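2 protein chains.
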Amino acid sequence: MKKIKIFSPATVSNVACGFDILGFPIESLGDEMTISKSDNMGVRIIKTEGYSIPLDSKKNVATVSAEKLIQYLKPDCGFDIEIKKNIIPGSGIGSSGSNAAGSVFGINKLLGEPLTLKELVKYAMSGEVASSLTEHPDNVAPALLGGLVMVKSIDEENIISLPVPKDLFCFVINPKIEVKTSYSREILPSRVELNSMTKQVANLGSLIHALHTSNYDLLRSSLVDNVIEKHRKKLIPFFDEVQKKCLELGALGCSISGSGPSIFAITKGEENAKKINTEVIKIYKKTNIDFSTYVSKISSEGIKIIDSI
Amino acid sequence: MKKIKIFSPATVSNVACGFDILGFPIESLGDEMTISKSDNMGVRIIKTEGYSIPLDSKKNVATVSAEKLIQYLKPDCGFDIEIKKNIIPGSGIGSSGSNAAGSVFGINKLLGEPLTLKELVKYAMSGEVASSLTEHPDNVAPALLGGLVMVKSIDEENIISLPVPKDLFCFVINPKIEVKTSYSREILPSRVELNSMTKQVANLGSLIHALHTSNYDLLRSSLVDNVIEKHRKKLIPFFDEVQKKCLELGALGCSISGSGPSIFAITKGEENAKKINTEVIKIYKKTNIDFSTYVSKISSEGIKIIDSI
Chain A
1 MKKIKIFSPA
11 TVSNVACGFD
21 ILGFPIESLG
31 DEMTISKSDN
41 MGVRIIKTEG
51 YSIPLDSKKN
61 VATVSAEKLI
71 QYLKPDCGFD
81 IEIKKNIIPG
91 SGIGSSGSNA
101 AGSVFGINKL
111 LGEPLTLKEL
121 VKYAMSGEVA
131 SSLTEHPDNV
141 APALLGGLVM
151 VKSIDEENII
161 SLPVPKDLFC
171 FVINPKIEVK
181 TSYSREILPS
191 RVELNSMTKQ
201 VANLGSLIHA
211 LHTSNYDLLR
221 SSLVDNVIEK
231 HRKKLIPFFD
241 EVQKKCLELG
251 ALGCSISGSG
261 PSIFAITKGE
271 ENAKKINTEV
281 IKIYKKTNID
291 FSTYVSKISS
301 EGIKIIDSI
Chain B
1 MKKIKIFSPA
11 TVSNVACGFD
21 ILGFPIESLG
31 DEMTISKSDN
41 MGVRIIKTEG
51 YSIPLDSKKN
61 VATVSAEKLI
71 QYLKPDCGFD
81 IEIKKNIIPG
91 SGIGSSGSNA
101 AGSVFGINKL
111 LGEPLTLKEL
121 VKYAMSGEVA
131 SSLTEHPDNV
141 APALLGGLVM
151 VKSIDEENII
161 SLPVPKDLFC
171 FVINPKIEVK
181 TSYSREILPS
191 RVELNSMTKQ
201 VANLGSLIHA
211 LHTSNYDLLR
221 SSLVDNVIEK
231 HRKKLIPFFD
241 EVQKKCLELG
251 ALGCSISGSG
261 PSIFAITKGE
271 ENAKKINTEV
281 IKIYKKTNID
291 FSTYVSKISS
301 EGIKIIDSI
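In order, the protein sequences belong to chains A and B.
Heads up: the first sequence runs through residues 1 to 309, numbered per the numbering used here.
Heads up: the second sequence runs through residues 1 to 309, numbered per the numbering used here.
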């Protein structure tokens, strides 16, 4: 294989109570990336389309993560990367994670898959540092593996694919304003009330149990973020209105995707997600903010191969 | 039924990463309680044996929780309670929880079981307030229900019996020094580093997943407390030595039971728990502190009826 073209999905991360550890891909939104072997050693971006991203290989997440990988694998060739950027940077749905994961996935495929998908997580994550200044694998792990993924640490055995009841869907609204992940992290308090921590721990524990037992009532009461949301929602226009509407309409949970400004809701069934989509669009149409919305399964697929030669 | 005699177990609570939300009963240690209907309205302690506990019905946890229950059930009789106190108060293994749960269990039985065990949790918990000044149901819920219980809130639907791989055992050492729960709570910081919270959330989430999938490696890496243990262990003589020995000998986890001074370890198999028991006894025999140790299954049984007439 000399060249591979892939679809690398956007991802919802944090997922309410799972700050920095939970995420899942969105089926219908992602970047297209083409990665080719090259006689020139190293990794470079040779073409981008769509939303603007850095071309400098020290700043582009795709090349940063790829560099880490080839430092380890020491292949006898280099790689050229083309990115068709469909996910807006700073949108809270894993824009950088998509590319950080995509480049290592593609290179690994071109080299005959020396590493497993789980082994790729730590290399993909190094790209995230270039973007947000902190390492958090809750976008790259679900982009690579698909499904709802919990990352306890980047060691392979601590990257956990969770069971997902088959009728779980999500709704996502992406207001087209940029919130820098680094800023969205700065506004978080460095310390959390002990009592709030206990609630967050209990919610995440209950969420995991609810997923294993398909307990929708418990899912609903667990998909709550007591710690992070209250700080970050200030950066997101009409967050409270959107959340209230989603929950009124029966969403199992609604919170901020990643560091925002995207908002996600999880629903039982596609119909509910579609209804929420219709009603939230009405709220945002009253504003002067451009936006996109998505309705998707909690996709069990991560990065997909579109073509290879 | 006029009179019931029960065995109300001691309980390990917190269970490493499950501060204030997780607990399980110890098979071989508990208090005996006899509860009888009486023509005198209200609830009173008529006899105690063993370790000293308050006789004042406003201070004894058994009567405080029972009062709450009869305020709700409004029975046409009163209740006399006898307690044979085998669990040392302030030992970190649910001494007060045993009695708070036992009295409401007994009264509910004598009245023909108007409430479910889960419904009894909130009444039992009101007894805990008398003892520790905070409400935390991680002793009374497992004492009532048996098994490993996660309490997200005292609402019935949020009291969760977790799956327990059948070869999980525990070792407990109870150094016979008293650590008041209220003091052990005072020394905790009111706030926790955000990063520590994230680790604690990830550990508890992974623990729940590990229990559902009988994943012992994941159990081992999840049974860790990054937040509470480091503060409370200062009150427990030789904690570090005991923990190190338990982990060296293969325990899946070792931490403080409740607010201490008891220390527990969870093992795969009874043999491992017994080996740990032998070796930890050697450590504590070198001290001048009296102690007891217990080896037990993670008991699936809570309160047991010994006799009734």
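Keep in mind the hints are simulated off the structure, nothing from the lab.
None of these values were measured; they are calculated from a predicted model.
Be careful, since some hints might not be right.
To be verified - Beta-carbon label-pair distances, calculated as ranges:
{"id": "1", "chain 1": "B", "residue 1": "Gly-42", "chain 2": "A", "residue 2": "Ser-196", "range": "55 to 63 Å"}
{"id": "2", "chain 1": "A", "residue 1": "Asp-155", "chain 2": "B", "residue 2": "Lys-176", "range": "56 to 64 Å"}
{"id": "3", "chain 1": "B", "residue 1": "Pro-163", "chain 2": "A", "residue 2": "Glu-270", "range": "47 to 55 Å"}
{"id": "4", "chain 1": "A", "residue 1": "Ser-196", "chain 2": "B", "residue 2": "Lys-304", "range": "48 to 56 Å"}
{"id": "5", "chain 1": "B", "residue 1": "Glu-186", "chain 2": "A", "residue 2": "Ser-196", "range": "45 to 53 Å"}
{"id": "6", "chain 1": "B", "residue 1": "Gly-42", "chain 2": "A", "residue 2": "Glu-279", "range": "53 to 61 Å"}
{"id": "7", "chain 1": "B", "residue 1": "Pro-75", "chain 2": "A", "residue 2": "Thr-287", "range": "37 to 45 Å"}
{"id": "8", "chain 1": "A", "residue 1": "Met-41", "chain 2": "B", "residue 2": "Leu-188", "range": "53 to 61 Å"}
{"id": "9", "chain 1": "B", "residue 1": "Pro-75", "chain 2": "A", "residue 2": "Arg-191", "range": "54 to 62 Å"}
{"id": "10", "chain 1": "A", "residue 1": "Glu-156", "chain 2": "B", "residue 2": "Glu-301", "range": "52 to 60 Å"}
{"id": "11", "chain 1": "A", "residue 1": "Asp-56", "chain 2": "B", "residue 2": "Pro-163", "range": "26 to 34 Å"}
{"id": "12", "chain 1": "A", "residue 1": "Thr-213", "chain 2": "B", "residue 2": "Glu-186", "range": "46 to 54 Å"}
{"id": "13", "chain 1": "B", "residue 1": "Lys-230", "chain 2": "A", "residue 2": "Gly-78", "range": "42 to 50 Å"}
{"id": "14", "chain 1": "A", "residue 1": "Lys-109", "chain 2": "B", "residue 2": "Lys-304", "range": "45 to 53 Å"}
As the list claims (entries may be wrong) - Pairs of lysine to aspartate or glutamate residues, derived as EDC-like cross-links and limited to a Cα-Cα distance of at most 16 Å, are as follows:
{"id": "15", "chain 1": "A", "residue 1": "Lys-199", "chain 2": "B", "residue 2": "Asp-155"}
{"id": "16", "chain 1": "B", "residue 1": "Lys-5", "chain 2": "B", "residue 2": "Glu-49"}
{"id": "17", "chain 1": "B", "residue 1": "Lys-74", "chain 2": "B", "residue 2": "Glu-49"}
{"id": "18", "chain 1": "B", "residue 1": "Lys-233", "chain 2": "B", "residue 2": "Asp-155"}
{"id": "19", "chain 1": "B", "residue 1": "Lys-199", "chain 2": "A", "residue 2": "Asp-155"}
{"id": "20", "chain 1": "A", "residue 1": "Lys-234", "chain 2": "A", "residue 2": "Asp-155"}
Cβ atoms here follow ideal geometry from the backbone N, Cα and C, with glycine treated the same way.
Okay, the hints, checked on the actual structure:
{"no.": "1", "hint": "Gly-42(B) x Ser-196(A): 55 to 63 Å", "in the structure": "violated, 39 Å"}
{"no.": "2", "hint": "Asp-155(A) x Lys-176(B): 56 to 64 Å", "in the structure": "violated, 40 Å"}
{"no.": "3", "hint": "Pro-163(B) x Glu-270(A): 47 to 55 Å", "in the structure": "violated, 30 Å"}
{"no.": "4", "hint": "Ser-196(A) x Lys-304(B): 48 to 56 Å", "in the structure": "violated, 37 Å"}
{"no.": "5", "hint": "Glu-186(B) x Ser-196(A): 45 to 53 Å", "in the structure": "violated, 19 Å"}
{"no.": "6", "hint": "Gly-42(B) x Glu-279(A): 53 to 61 Å", "in the structure": "holds, 55 Å"}
{"no.": "7", "hint": "Pro-75(B) x Thr-287(A): 37 to 45 Å", "in the structure": "violated, 59 Å"}
{"no.": "8", "hint": "Met-41(A) x Leu-188(B): 53 to 61 Å", "in the structure": "holds, 54 Å"}
{"no.": "9", "hint": "Pro-75(B) x Arg-191(A): 54 to 62 Å", "in the structure": "violated, 48 Å"}
{"no.": "10", "hint": "Glu-156(A) x Glu-301(B): 52 to 60 Å", "in the structure": "violated, 38 Å"}
{"no.": "11", "hint": "Asp-56(A) x Pro-163(B): 26 to 34 Å", "in the structure": "violated, 51 Å"}
{"no.": "12", "hint": "Thr-213(A) x Glu-186(B): 46 to 54 Å", "in the structure": "violated, 37 Å"}
{"no.": "13", "hint": "Lys-230(B) x Gly-78(A): 42 to 50 Å", "in the structure": "holds, 48 Å"}
{"no.": "14", "hint": "Lys-109(A) x Lys-304(B): 45 to 53 Å", "in the structure": "violated, 59 Å"}
{"no.": "15", "hint": "Lys-199(A) x Asp-155(B)", "in the structure": "holds, 14 Å"}
{"no.": "16", "hint": "Lys-5(B) x Glu-49(B)", "in the structure": "holds, 14 Å"}
{"no.": "17", "hint": "Lys-74(B) x Glu-49(B)", "in the structure": "violated, 29 Å"}
{"no.": "18", "hint": "Lys-233(B) x Asp-155(B)", "in the structure": "violated, 32 Å"}
{"no.": "19", "hint": "Lys-199(B) x Asp-155(A)", "in the structure": "holds, 14 Å"}
{"no.": "20", "hint": "Lys-234(A) x Asp-155(A)", "in the structure": "violated, 34 Å"}
Consistency note: the structure conflicts with the earlier hints numbered 1, 2, 3, 4, 5, 7, 9, 10, 11, 12, 14, 17, 18, 20.
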